[in-house]
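Chains as they are written, first to last, in our numbering: chain H, 85 to 240; chain S, 85 to 240.
Hints are computed from structural coordinates only; laboratory data are not their basis. As the structure is a prediction and not an experimental result, all values here were calculated from the model. One thing to keep in mind: the hints can contain errors.
A pair counts as met if it fits within one copy or between any two copies, since identical chains are not told apart.
Unchecked claim - Below, simulated BS3-like cross-link-like pairs (lysine-lysine); rule was C-alpha separation at most 30 Å, straight line:
#1 K178 / K199
#2 K199 / K106
#3 K175 / K133
#4 K133 / K195
#5 K178 / K237
#6 K237 / K106
#7 K199 / K88
#8 K88 / K177
Single-letter residue listing:
Number of protein chains: 2
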Amino acid sequence: MTGKTWAYEDFVEGASHDLGTKNVSAAEIIEFASEFDAQPMHLDEAAGKASILGGLSASGWHTCAMFMRMLCDALLLDSTSQGSPGIDHVKWKKPVLAGDTLCGTVTVLAKRQSKSRPQLGLVSMRSELFNQRGESVFELENTGMFLARDAAKDPS
Amino acid sequence: MTGKTWAYEDFVEGASHDLGTKNVSAAEIIEFASEFDAQPMHLDEAAGKASILGGLSASGWHTCAMFMRMLCDALLLDSTSQGSPGIDHVKWKKPVLAGDTLCGTVTVLAKRQSKSRPQLGLVSMRSELFNQRGESVFELENTGMFLARDAAKDPS
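Using the sequences and the accompanying hints, generate a full structural model.
Below you can see the structure in the form of structure tokens.
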């Protein structure tokens, strides 16, 4: 892990990072929903239009998973991440519809060393995704655990 | 939707419902992680053992998705569900490891009619998943939106 760009020390409170973009296809909405959330509005355009969501819309959990992929590609896979104890909140603010393109940012809210494991740091983050109309569709706050750079060094 | 068992009126504050069981295979852990959360501890047994998670462990988002499937099968697909505005919190309390069997319950915390859409009701729920050793691994609170039975009747 020595070569990773992001160790605990590298996160700066208040800094924002770009999450790139993600196109959302009808096929992947239906694939995810078929496995995990087979409600009609996530499986079928007509059922989506008849629902309060107004069209074939991604499961909220699919939006979470797509967000996680964006965060992985933007930052997490090049970090000393050790996972997360949980999610403070998620807001599904508007439907994510087939054909939408998502973009977003993650902002570091606060950081502190773990008391029980001093080689580990906790980083609180707030993330937000927008669609191609600039509408905020998703908001999340969570805490990630990251090794300090020294602790991440391979033994030699 | 007339034939659905669960409309807004049918949820009772304090009532708990069984979520069935779910076996978690290494293959599905790796498949989900490869698409959405390709951190080493979710892709590889040795990397999982070397991490603080102690083995090949499901992405927390995968646990959320598996929970959602359990909730769909137990209740949601036979309901007037209209989706959810978000998640109040998620706690990933212990790793979900390859070979684990999950079970759990969902409990109705509170319910109220929507002010802006009186045909819709909001149901707050607390869910918990346990592994085969009886350890609590996952906790979630969220709010679901359900049509009232009359509003769910097909026009005739």
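A quick look at each hint next to the structure:
{"no.": "1", "hint": "K178 / K199", "in the structure": "between (38 Å within a copy, 19 Å between copies)"}
{"no.": "2", "hint": "K199 / K106", "in the structure": "neither (37 Å within a copy, 35 Å between copies)"}
{"no.": "3", "hint": "K175 / K133", "in the structure": "within (21 Å within a copy, 33 Å between copies)"}
{"no.": "4", "hint": "K133 / K195", "in the structure": "between (43 Å within a copy, 26 Å between copies)"}
{"no.": "5", "hint": "K178 / K237", "in the structure": "between (43 Å within a copy, 26 Å between copies)"}
{"no.": "6", "hint": "K237 / K106", "in the structure": "neither (33 Å within a copy, 37 Å between copies)"}
{"no.": "7", "hint": "K199 / K88", "in the structure": "within (24 Å within a copy, 50 Å between copies)"}
{"no.": "8", "hint": "K88 / K177", "in the structure": "between (34 Å within a copy, 27 Å between copies)"}
The structure does not agree with the numbered hints 2 and 6 stated previously, though it agrees with the rest.
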